[in-house]
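Trainee: So the protein lines, in turn, are chains B and E. The opening position of the first sequence corresponds to residue 1 in the numbering used here, with each subsequent residue numbered one higher. The opening position of the second sequence corresponds to residue 254 in the numbering used here, with each subsequent residue numbered one higher.
Source of the hints: derived by calculation from the structure; they are not laboratory data. Glycine included, every Cβ here is placed at the ideal spot set by N, Cα and C. Heads up, a few of these hints could be off.
Claimed, not checked - Heads up, incomplete: computed chain B residues facing chain E, CB under 8 Å, no partners named:
(1) Tyr22
(2) Ser28
(3) Asn71
(4) His90
(5) Pro106
(6) Phe211
(7) Val217
(8) Gly218
(9) Ala222
(10) Val223
(11) Gly227
(12) Ala234
(13) Asn237
(14) Arg238
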Amino acid sequence: MKLNLRIWRQKSPLDKGRFEEYALDNVSEDSSFLEMLDLLCEQLVAEGKEALAFDHDCREGICGMCALTINGIPHGPEKQTTTCQLHMRHFKDGETITVEPWRAKPLPVIKDLVVDRSPFDRIIQSGGFISARTGSAVDANAVPIPKQTADTAMDAAACIGCGACVAACPNASAMLFTAAKVSHMNNLPQGEVEKDRRTLAMVTTMDGEGFGGCTNVGECEAVCPKGISLDMIAQLNRDYTSAQVKNFFEPVS
Amino acid sequence: MVLFCSFFNSTIGRKVLMAVTGLVLVLFVMGHMLGNLQIFLGAEVINAYAYKLHHVLPTPALWGIRLFLLLCVGVHVWMAVLLTLASRRARPAGYAVKRVVQATYAARTMRMSGIILLAFIFFHLAHFTTRSVPGMEYNDERVLSPNEVSLVKHGQAVMKDGEKVTTFNVHDMMVAGFENGLVSAFYILATGLLCLHLVHGVSSMFQTLGLRNATWLPRLNYIARFYGWAVFLGFAIIPIAVLTGVLEKDPTGGETQAIETSATH
């Protein structure tokens, strides 16, 4: 395959950044999008230019590191597919492909296509955990959990925190990410104890990081590589409102 | 109270305020539409309906309801502005290429439809409530004649203390208003945008309040589409009926027929 690549290059967070065009030849249809970028990097190095910076780790669709907006869609055109699992056969020979980083103020570009996703870490730190003494946790199967509950929690836990939801959202809202993390814990008996405190803390942190509000358009759900559904956001809205009402009458600690 | 302020400063709390005020306005709009459709039952029916709206409740209560509705519009718009500004701040630099995957046209254009609807609400209140749009001051006898007609009940003029009770000629005011092509066009456009706003808003309301699940989502989307179209057709049919001549002015307020009927007995 022959490709024309239009890629965002930015030296540092302070650099203005610009698109640069590259021609790449002999790309296998069976290579992944990241392997194609590896080829580009080799070509750039051979030409004595600086290699392209992009995030990646497991390359098997489970770590949530890869984060590219490909032709205007986070993770590209395939449904429920991370960039690393996207193969070049989904593109046409001779096609011009535009590659951009996630665009959101709370997720600033560090270099080229790499963005800083530490706001997600801070949202998790504020409540994405259960309080249990190390070494004294009971056996997982000692607490009976209905199948349906376990399935819902598992669907939420599938979130890999890649940030495609924020990237696709017209408001750069992190509601789907936060909702997945909150639903995952709030649904299970181990997490239910701290449900209200967790929900209040995580939403407050999310808002404080400067993400926009949700307008229920559903673009996040459409691009999520793990198929996290808007049902999670409905639950977050419900849990947050009820936590606020409880907090009004008796402060949640 | 300080504790509760944090709710209304959060993005979710603001959305809840939008959903609740939206619900009030959604229900109002249906009541308003059903009220308006009485124009097809004759001048005496819609005039009597307007009379009841003004006289069933004491004036302070009527103003209470009006101010509550305006407050709902105000809060709805205010929250929308705050949320929109926050969204703008969250994405200062946009994409060079952006493709929509599944968001509906209605969902993506809520702000556009909302702004035009707000402009319409101002015009609509000036047009039919305060009747102060230049050239359409229906309170003036020279603009709308007669602007007071008898209140008619069961085909007969309602009498009180030996005198006929009169009421504002709402029927002819509506017909006169819609005989103006530009007014009708704006009215139909605005109700079309209202349809668009409701198609997303009515189901979005339940999402924001968390009152839905996977089973109810498709049902709510269907209800929202039905509601939006019902409101559009119910409102737009009146200017269309006026422009096509189906509805005409009735300067008697429906009383002539009543006199003739009583004369034959």
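Trainee: Each hint needs a verdict: does it hold in this structure or not?
Mentor: Structure-based check of each hint:
1. Hint on Tyr22(B) is violated. Least Cβ distance to chain E is approximately 15 Å, over the 8 Å limit.
2. Checking Ser28(B) against chain E: minimum C-beta separation of about 25 Å lies over 8 Å; hint violated.
3. Against a cut-off of 8 Å between C-beta atoms, the interface hint on Asn71(B) holds, since the closest Cβ of chain E lies about 6 Å away.
4. Checking His90(B) against chain E by beta carbon gives a least distance of about 14 Å; that is not within 8 Å, so the hint is violated.
5. Nearest Cβ of chain E to the Cβ of Pro106(B): about 7 Å, under the 8 Å cut. The hint holds.
6. Against a cut-off of 8 Å between C-beta atoms, the interface hint on Phe211(B) holds, since the closest Cβ of chain E lies about 6 Å away.
7. With a cut of 8 Å, the hint placing Val217(B) at the interface with chain E holds, because the nearest CB-to-CB distance is about 4 Å.
8. With 8 Å as the threshold, the beta carbon of Gly218(B) comes within range of chain E, its nearest partner Cβ sitting at about 6 Å, so the hint holds.
9. Restraint check, Ala222(B) versus chain E: the minimum CB separation of about 4 Å is within 8 Å; hint holds.
10. About 6 Å separates the beta-carbon of Val223(B) from the nearest beta-carbon of chain E, less than 8 Å, and the hint is met.
11. Among the interface hints, the one on Gly227(B) is violated; its C-beta lies about 12 Å from the nearest C-beta in chain E, farther than the 8 Å criterion.
12. Annotation: Ala234(B) was flagged as interfacial toward chain E, and the flag holds, the nearest CB pair being 5 Å apart, inside 8 Å.
13. Below 8 Å, beta-carbon pairs count as interface contacts, and Asn237(B) has one with chain E at about 4 Å; its hint therefore holds.
14. Hint status for Arg238(B) relative to chain E: holds, with the closest Cβ pair at about 3 Å, below 8 Å.
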